[in-house]
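**Q** Go ahead and model the full structure; you've got the sequences and the hints to work with.
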Amino acid sequence: MSVFVQLLTRSLETGSIYALMALGIIIIFRTSYLVHFAQGTMGMFCTYMVTVFLKTMSFIPSVFCGVLSAVVLGMLVDVLIIRRANGVSHTGKQIITFGLVMIFLGIAPTIFGVDPITMPQFINSGDLNILGATISYNGLFNIAFVLVVMLVLFYILQKTKFGLAIRATSANEATARIFGIKTKNVTMFSWALGGVLGCLVGVMIAPSSAVTTFVLDSVFNAACIACIFGGFQTFVGPVIGAYLLGVLKNLTVYYVSSVWGEQIVYVLILLFIVVRPNGLIGKKLVKKV
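Here our numbering is used: the first residue of the sequence shown is -18, the next is one more, and so on.
Please note that a few of the clues may not be correct.
Below, a list of computed lysine to any residue pairs in the SDA-like style, where the Cα atoms sit at most 25 Å apart [unchecked claim]: (1) Lys36 x Cys46; (2) Lys74 x Ser189; (3) Lys36 x Ala191; (4) Lys142 x Ala173; (5) Lys230 x Cys205; (6) Lys165 x Lys230; (7) Lys36 x Pro90; (8) Lys163 x Asn202; (9) Lys74 x Asn202; (10) Lys140 x Val217; (11) Lys165 x Ile77; (12) Lys165 x Leu61; (13) Lys140 x Val52; (14) Lys142 x Thr156; (15) Lys140 x Asn119; (16) Lys140 x Thr164; (17) Lys36 x Ser189; (18) Lys163 x Ala66; (19) Lys230 x Leu138; (20) Lys230 x Tyr118; (21) Lys142 x Lys36; (22) Lys74 x Lys163; (23) Lys74 x Glu154.
These are computed hints drawn from the structure, not numbers from a lab.
**A** What follows is the structure, given as structure tokens:
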């Protein structure tokens, strides 16, 4: 029983990290209509920025400055690159985001060096015992922090005028412009928010390994799978998919195979998508003529 509880608590932390990254992916997708493949790489770059600020200030102010850099970086990518690609095909825009991956992977070692950099946790020590299982206070903080961030974002989406503007833009950008919604501001906010969420994920995951150019690769890949699993047509679906993916991976790796556990989960998700292409709660889009 204690092992099962241990796996569930770890899965909640893993799923929370996946969910935060997936939320950043889906917000950009729903407003700009493309998958931002450089989401993880930009998050890595901003995580490096946090380590730079750590040299002169304490942890929380450093994270805040890193978040600000993520806001600026996300806005710059939208304004200077994505908007100027209006005449480019949808596939071309996807390739542009792949190009951004190469750019950030190239400049990060040049600016920050090639050696792994350690990063402290939000809470450095302490564990909580739950039915014989232990979870660190930092793990509990990560879970609670992600839940608070998601609740705030979902409240904004559902209960505020700006959230209505985001939902209108995601439904039909042209119609939203007709009704006076400044869709360019909405997309710029989405890119800035995606950068912030990527930076926060980097800060949460880096203490368990180190800050390197590949620190968010596995998280981004899992978040993309969570978006497909949950459904790209809603904001909630990818979050649900992320938590389910976290639980399934940990349980399968422990109870089925420590070597092939992740691959087995991905194959099962692939088979599920074959049967239900729109994901868990995705909706089939019907284009009216």
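**Q** Now tell me if each hint is right for this structure.
**A** Hints versus structure:
no.	hint	in the structure
1	Lys36 x Cys46	holds (12 Å)
2	Lys74 x Ser189	violated (34 Å)
3	Lys36 x Ala191	holds (16 Å)
4	Lys142 x Ala173	holds (18 Å)
5	Lys230 x Cys205	holds (15 Å)
6	Lys165 x Lys230	violated (38 Å)
7	Lys36 x Pro90	holds (18 Å)
8	Lys163 x Asn202	violated (32 Å)
9	Lys74 x Asn202	holds (19 Å)
10	Lys140 x Val217	holds (15 Å)
11	Lys165 x Ile77	holds (19 Å)
12	Lys165 x Leu61	holds (12 Å)
13	Lys140 x Val52	holds (23 Å)
14	Lys142 x Thr156	holds (16 Å)
15	Lys140 x Asn119	violated (31 Å)
16	Lys140 x Thr164	holds (18 Å)
17	Lys36 x Ser189	holds (20 Å)
18	Lys163 x Ala66	holds (18 Å)
19	Lys230 x Leu138	violated (30 Å)
20	Lys230 x Tyr118	holds (23 Å)
21	Lys142 x Lys36	violated (40 Å)
22	Lys74 x Lys163	holds (21 Å)
23	Lys74 x Glu154	holds (17 Å)
Hint compliance for this structure: hints 2, 6, 8, 15, 19, 21 are not met, and every other hint is.
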